[in-house]
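**Student:** Each chain, written out:
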Amino acid sequence: MEAIIFYAAALAAVASALVAVAHRNPVVNVLALIVTFFCVAVNFALLGADFLAGAQVLIYAGAILVLFLFVVMLLGAPTVSGEDNPRPIQKTLGTFLVALVAAAGFFFFRSFSHTGLVHPDFGNTTLALGRLLVGPHLFAFELVSVVLLSALIGALVLVKRKH
Amino acid sequence: MWAEVGVAAFKLVVIAGMLLTVVPVMTWVERRGAAFIQDRLGPNRVGPWGLLQPVADAVKLLFKEDVTPAHVSKGLYVLAPAVAVFVALSTFIVIPFAKAEGVTVFGVPLKGLIVAPDLNIGVLYLLALSSISVYGIVLAGWASNNKYSLLGGLRSSAQLISYELAMTLAVLGVLLANGDLRLTTVVEHQAKVWNVVPQFLGFLVFLVAAFAETNRLPFDLAEAENELVAGYHVELSSMKFAAFMMSEYINMTTVSALATTLYLGGWHLPGVTLPSGWLGLLLSFAIFFTKVAFLLWLFVWVRWTLPRFRYDQLMRLGWKGLIPLALANLLWVSLALTRGWV
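Protein sequences, first through last, are from chains A and B. The numbers in this note's numbering rise by one with no breaks, and the one at position 140 of the first sequence is 140. Throughout, this note's numbering is defined as the position within the second sequence, counted from one, plus 163.
Same shape as in the complex, but just chain B:
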């Protein structure tokens, strides 16, 4: 009993620590990547290649004055960033980061580098919790009692609801082919062929929806600077602002890991059989991490390459573009399943 609790806690600490480490690293990658794409140098003064810049940023944010404007709705104003971080941190527990065949810790089988391996509803839990994330943004917008914030919050919630539909429909195709909601079996199902091959359409929809769900360019209308100053977090300062930044990067990581798990074969490489035991765990984690890192770089790459959408274009793309495509993917998967093609 206690050994199992210990193993679960160990996995929780390792994975949460990993996610929280991704945040500063990604801010560095983002700034250096932006500079690289725009043919500048970027932050390169603090530490080698500017690698300690995130530390300096974190210290700066911690020591900044936490201004609370007089006209805000106090409780909700504090609650909003907390909701954003809570949701971002609690969604990843159903994602398997590495396989752990034959690995035991204190005599307890590890069952893969996943915090909740026995949660039957797997991906449903993830979708349910991420559907809560909209409250963080809406509340921040509303509690700030500022028209720019409110507009940003409303825009963002409409966007999240619309693209959640497309995303869920795309995921449904994978679940249909897999026949189980647990992500571990989704990965095992892709040992021979990655889901991206038979369900390329679904992958495309998922990826576009993922950009919208994480409020990243070209879909970051909630914080369109030239129209809304900074959108829903215009009144937030210091760590409250940092909490929203953190949740954005953690969400990016989670959604990249989810895309890897659902479509890019998790830790499978074509034609490679991984050994069991600790070596297998490390190798599978390295493969998984490489795929996630590529997707994270894709987020940065797209952000500094594509301009922002107009709001009506965004809605049209969501409802008239992605949802029919996701439905077509679903139909294709059903047909292929009944015919026995996949």
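Isolated chain A (complex conformation):
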């Protein structure tokens, strides 16, 4: 049962990721990326990481991509027409890179394949994550929040109109 869900979600993730890259309409690209994030969330849930699955949907699919969609719609990004096809060298290089990544991924996967699907039992992952964040990883956690804060202030400074 879990294997079926996993393979379905993985297939959908790969397919929608391909659409996200290849489709000509930017709005469809963003939507396909949302589907990809959903499938990743499903895989998180299968691994027992329910908090991560929820956060993935809440933050990536629900918040960040809404902003992406917003930008695409407001700027009215044009649909890529047939004439803007990449040059042959780009196509060749792109295909080669995809093949390379696929091969690397295959061998990487092979090294894990004997373990099969893992069923870790973390119990309440929200609790465990919280303990880790304010416990051993407190410094990194605070550092990330400072980085985010400085990014926020930076964005404010950049968009502030000069009177």
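Honestly, the hints are just simulated from the structure, not real lab data. A hint or two may mislead.
Claimed, not checked - Derived DEER-like restraints, expressed as beta-carbon distance ranges:
| no. | chain 1 | residue 1 | chain 2 | residue 2 | range |
| --- | --- | --- | --- | --- | --- |
| 1 | B | 491 | A | 64 | 23 to 33 Å |
| 2 | B | 265 | A | 103 | 58 to 68 Å |
| 3 | A | 141 | B | 435 | 36 to 46 Å |
| 4 | B | 487 | A | 143 | 22 to 32 Å |
| 5 | A | 157 | B | 457 | 30 to 40 Å |
| 6 | A | 141 | B | 436 | 41 to 51 Å |
| 7 | B | 491 | A | 146 | 44 to 54 Å |
| 8 | B | 468 | A | 157 | 34 to 44 Å |
| 9 | B | 272 | A | 5 | 25 to 35 Å |
| 10 | A | 64 | B | 265 | 37 to 47 Å |
Because the structure is a prediction, the values reported are computed rather than measured. Note that the Cβ used here is the ideal one computed from N, Cα and C, for glycine as well.
Given the structure of chain A, go ahead and fit chain B onto it with the hints provided.
**Tutor:** Same frame as chain A, now just chain B:
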């Protein structure tokens, strides 16, 4: 195994059926309520007190011609209402509608009238899915290829994102006091004192944000008729339009149930101890339902009492009013928790 699946399916059917029944009833309440507030009669011809009016409306919507304008983006135009209804229907599974202590069906404990009692992330699931609901509106606005639709969609998405923050911060206060994401424990936590008492500020923020999140007056700028014709669903007809109406009413019900669960004590009444077994289930459901019905009436009441906000006022209220208030509530809860006051 199969008995458990059967129980889950039974609960799903009962609760989904309930939510779908609320939709026609609420359209009737809305129209009669509006008439009552405006000192008119309202629809009173079909059936006793006009109670069959929603049936007539549904039949009318089903048989209307489904016009698809030539200039729309076909796939997304069909997808948008589907997303809206899907999200509205899938969020309620973590809300406990009644307690079921000692109730077993086919030898399987019922664990409360809640579809997914063992989902650890409870309210996070609800927030995550409801954050998806913005896509239905944005897509409808964009796919219609109409400037009024697009403006309505953009307005609405900006509004939903802004008020989602305030809402989540308000909910965070409850979760902090509760220490668990499951809504069942949130209800049990309120057996003595409802959360609305220590966290009144949070409740206020939650309620205002709930009106904004469901696109109801005074925050229904996405469909401001006098500026945008009808906003994001101006090009939608027949059942596609009805799908958006349905999702609005279902969302109202879900958010009312959530407010009841988070702040109004769920099925607890002060000084009342409910019996266990089936009687307890029915009584707790009746109490829960009364609270939800009051909140739903509040939605109607406010809609026909308050005028619409201007867009800059809406944004100011969200970012400069509600979010600081929600943060103040969070600070207060943290302080009270560390001091052991609550």
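**Student:** Against the range 25 to 35 Å, how does the distance between the Cβ atoms of residue 272 (chain B) and residue 5 (chain A) compare: consistent or not?
**Tutor:** 26 Å, holds
**Student:** Could one say that the CB atoms of residue 468 (chain B) and residue 157 (chain A) fall in the range 34 to 44 Å?
**Tutor:** With a Cβ separation near 42 Å, residue 468 (chain B) and residue 157 (chain A) satisfy 34 to 44 Å, so the hint holds.
**Student:** May I ask you to test the hint 37 to 47 Å on the CB atoms belonging to residue 64 (chain A) and residue 265 (chain B)?
**Tutor:** Holds: the Cβ-Cβ distance is about 45 Å, inside 37 to 47 Å.
**Student:** Per the hint of 22 to 32 Å, is the separation of the Cβ atoms of residue 487 (chain B) and residue 143 (chain A) within bounds?
**Tutor:** Hint holds: Cβ distance 26 Å, inside 22 to 32 Å.
**Student:** If I claimed the Cβ atoms of residue 491 (chain B) and residue 146 (chain A) lie 44 to 54 Å apart, would that claim hold in this structure?
**Tutor:** Given about 23 Å between the Cβ atoms, the range is violated.
**Student:** Honestly, do residue 141 (chain A) and residue 436 (chain B) meet the 41 to 51 Å range at C-beta?
**Tutor:** 43 Å, holds
**Student:** State, for the Cβ atoms of residue 265 (chain B) and residue 103 (chain A), whether the hinted interval 58 to 68 Å holds or is violated.
**Tutor:** About 59 Å separates the Cβ atoms of residue 265 (chain B) and residue 103 (chain A), which means 58 to 68 Å holds.
**Student:** I want to verify a distance hint. Is the separation of the beta carbons of residue 141 (chain A) and residue 435 (chain B) within 36 to 46 Å?
**Tutor:** At 44 Å between Cβs, range holds.
**Student:** With respect to the beta-carbon atoms only, verify the hint that residue 157 (chain A) and residue 457 (chain B) lie 30 to 40 Å apart.
**Tutor:** 47 Å, violated
**Student:** Taking 23 to 33 Å as the hint, is the beta-carbon distance of residue 491 (chain B) and residue 64 (chain A) inside that range?
**Tutor:** 27 Å, holds
When held up to the earlier numbered hints, the structure conflicts with 5, 7 and fits the remainder.
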